[in-house]
Structure formats: structure tokens, C-alpha cells
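These are the residues of each chain, in order.
2 protein chains.
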Amino acid sequence: LREAALELFLEHGFDHVTVAQITERAGLTRRTFSRYFADKRDVLFAGSEQLPGALAGAVGRADPALAPFPAMLSALTETGDLLAGRVQHPAERRAIVQASPELQERGRTKFAEITGALAAALQQRGTGEATAALLAPVGTAIFRAALDRWAQQPGRASLADLIRETAAELVANVQAGPGQDQQPRGLHVADERRGW
Amino acid sequence: LREAALELFLEHGFDHVTVAQITERAGLTRRTFSRYFADKRDVLFAGSEQLPGALAGAVGRADPALAPFPAMLSALTETGDLLAGRVQHPAERRAIVQASPELQERGRTKFAEITGALAAALQQRGTGEATAALLAPVGTAIFRAALDRWAQQPGRASLADLIRETAAELVANVQAGPGQDQQPRGLHVADERRGW
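Sequences listed follow chains E and U, in order.
Oh and the first sequence: position 72 is 72 in the numbering used here, straight run, nothing missing.
Oh and the second sequence: position 117 is 117 in the numbering used here, straight run, nothing missing.
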């Protein structure tokens, strides 16, 4: 069913595919479809409702001696490993979501729930409310960017490694003090040729 | 009109206030209301549609020698100063938005637009797509957290100073290596007493 749905979404666009077409392509009945999925959107997002709780649980289990940001990072990598084992065809899924405003809105809501769960879990751990509210969306940004990189180049690295790589890139970027230009000179010259 | 609307939203909750009540309290006609606002939501968000463009413009004007993160920060502080001059009654506004799921959803959409504008503006400046997609939501997280602090304690510091303070807090947090506990020992003991 999932394969049939992904094929059809890619061929015709998510908005133009009906559940009847999916079941027909898969050679199954509507009844079978309903046993697994609430609607066609659910084919793409099934299981993602567990993500906020899984991340919050992992933040809670992180070594109590860890500062908030490393604790959150360890939760992201742990949950990334679990998630990666369950998501099939990430590249196709990404292309379908990017082509549909409705699905992008759904994704936005999902990531907002993740941010809320991370903030609550950090506070549970003793992080102040203001700091938790600042760090949680940064954790979500790392998770989301790593997921995107993973879906763009499946097989290049594990999702957990990409989360670590993305976090390291963020740390390097925010450490750049004002006035420092991190870009190699050659690239900078090329930028100027483009009008900067 | 804005004062009357804020009063009513605080008294009865945003969802239960009508435009008729607002104009009656202000002693003005519906026609006058419509000259300034599209609907009652617009009373709270009027002007915010300019924010993504203003931020993107400020990123574009930032010193070309700056690395992406400091360039984004300078845009946030510049725009924060402008914004602070225009937002009236931030504390009341914050309380109203926090009490209404509809307004929170509206805020989420607004911040997603800001993230999109920051990412596009960073790319225009020559930042790679993946790095821009990672840094833009971090910029939004800083902006949003600083706005929240500003609304919670109006008068404590300028919005621009709070943006700088929030960014510095983020940098300090992400620099904490794994295994380092940044919290003072006393606080940590107190945390353990609470079950951690």
C-alpha cells in the first residue's frame, strides 16, 4: 500500500490522488487500507505522532550530568537511529511533501509539536523555562536539517551521524564572532562577482 | 480601537469578542474599523506581514565581510529596534495570543514566513542552501525568544539588547561540550531533590 501510494503521489501529485486509486494500484480493498491508515495523508505521516514523546523520553533518560544542549543532542541522535529504521523511501517522501502546501503545513505542525515536547522535557530536567524555550527550537532545527540531508542523500551517512554533523556545523557557525569571515577567500571573491 | 480590542480580548478571551463589541467600546463605527483592520485578528498582527521582508532586507544590507550567523544577528537587532517602536502593549498582546490556539497557529505561520525569508536572504548573500536552512530557524528562535522576554518584562532592556543577550546565551549553551555540566553545583543539588 505504501509503495503504491508513493508511486501515485510522485506521478500525479499528492492532491490529485484518491484512496481508491491507491487501493486499486495495490490490488487491495478500501477495508484493508482503513485497517492501516486513517487517510491518504496518514500513509506519509504514520508513526510520526510518536516522535515528540520519544524525543521527550530520550531527553529525560539523558545523563543528568549533561548540560541542556548536549542532553538534547544525545536525545536527537538516539531517536534519529530509531526513526531511520522505520522511514522507507525518504527521498521520495521528501519530494512529495515539498510539492504540497497541505503536507508542508502538516510538517510544520509536527515540528512545532516536537519543539513543545523538547522544551517541556528540558524543563523537567531542571532547565529554566526561558532557556528551554530558546534551545528546543534549535534542537528541532538541527533534527529537521539532518532529516533533510539524510533524505537528499540516502546512504551517505546514518541519520544519527548527520545529526552530529549538523550540530557541529551549527556550533562552528555561531562561534564565528562579528567581523570574522569564515568563508575561504576564493569563495568570497566569487560572491562579489555575483553582486555582493 | 486597538486599546478597546486589547481590553476586550483580555476580559473575555479573543474567541468570544466580536468586532461589534470592539467598535462599541471604542465609540466608533464598523466603517472606521474596516478602514484600519481586515478583521479582529488583524488588530493584533497588523504590520507583522512586513517583518519577513524587513529582516531579509537587513540581511542583504549587512556588511558583506560578516560570516552568515553574525550577519543574521545584525539584521535581527536592526529590525528588532524598528519593531519595538511599533508594538504597543506587548505584555497584554502576549497574554492574549498565548490563550488562543487560533492565534498561536497564526503566530506559527508568521514565524515560518520569517524563517523562509531569512533562509532566502542568507542564500542571496552566498551562504549554501543547507547552511542557510539550518541557520534561519535558529535566527527565528533567537528573535522569538527575545520578543517573548521583552513582552514578559517590558522596560528591562531594549529588544535589540535582548536579542544580543539571547544570542549570547545560545552560543554559551551550544559551546558546552558533552560531559560538561554548566549549572552551578548548588542548583544541580536542588534539581536532584526534585527527582533528577
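What the hints contain is simulated information worked out from the structure, not anything from laboratory work.
Errors might be hidden in some of the hints.
Copies of the same chain look alike in the list, so a pair counts if it works inside one copy or between any two.
To be verified - The list that follows gives simulated cross-link-like pairs (lysine to any residue, SDA-like), each with its CA atoms no further than 25 Å apart:
1. K110 / H16
2. K110 / Q175
3. K110 / D39
4. K40 / S158
5. K40 / P64
6. K40 / T77
7. K40 / T109
8. K40 / Q98
9. K110 / A130
10. K40 / A130
11. K40 / A168
12. K40 / H16
Hints, one by one, checked against the model:
Only within a single protomer do K110 and H16 lie at most 25 Å apart by alpha-carbon distance; the minimum there is 23 Å, versus 28 Å between protomers. When the C-alpha separation of K110 and Q175 is checked against a cutoff of 25 Å, the pair qualifies neither within a copy, at 30 Å, nor between copies, at 28 Å. Taking CA atoms no more than 25 Å apart as the test, K110 paired with D39 passes inside one copy only; the shortest distance there is 17 Å, against 28 Å between copies. Neither within a single protomer nor between protomers do K40 and S158 lie at most 25 Å apart by alpha-carbon distance, with minima of 28 Å and 48 Å respectively.
Taking the closest pair of Cα atoms, K40 and P64 never come within 25 Å of each other, the shortest separation being 41 Å inside a single copy and 46 Å across copies. When the C-alpha separation of K40 and T77 is checked against a cutoff of 25 Å, the pair qualifies neither within a copy, at 29 Å, nor between copies, at 43 Å. Taking the shortest Cα distances, K40 and T109 sit within 25 Å of each other both inside one copy (17 Å) and across copies (24 Å). Taking the closest pair of Cα atoms, K40 and Q98 come within 25 Å of each other only inside a single copy of the chain (16 Å); across copies the shortest separation is 32 Å, beyond that limit.
For a Cα distance limit of 25 Å, the shortest separation of K110 from A130 qualifies both inside one copy, at 22 Å, and across copies, at 21 Å. For the identical chains of this complex, K40 and A130 are neighbours neither inside a copy (38 Å) nor across copies (30 Å), given an alpha-carbon limit of 25 Å. In this homomeric assembly, K40 and A168 never come within 25 Å of each other (Cα to Cα): the closest approach is 37 Å inside a single copy and 44 Å across copies. For the homomeric pair K40 and H16, the shortest alpha-carbon distance inside one copy (11 Å) is at most 25 Å, but the shortest distance between copies (35 Å) is not.
Hints 2, 4, 5, 6, 10, 11 from the earlier list are contradicted by this structure; the remaining hints agree with it.
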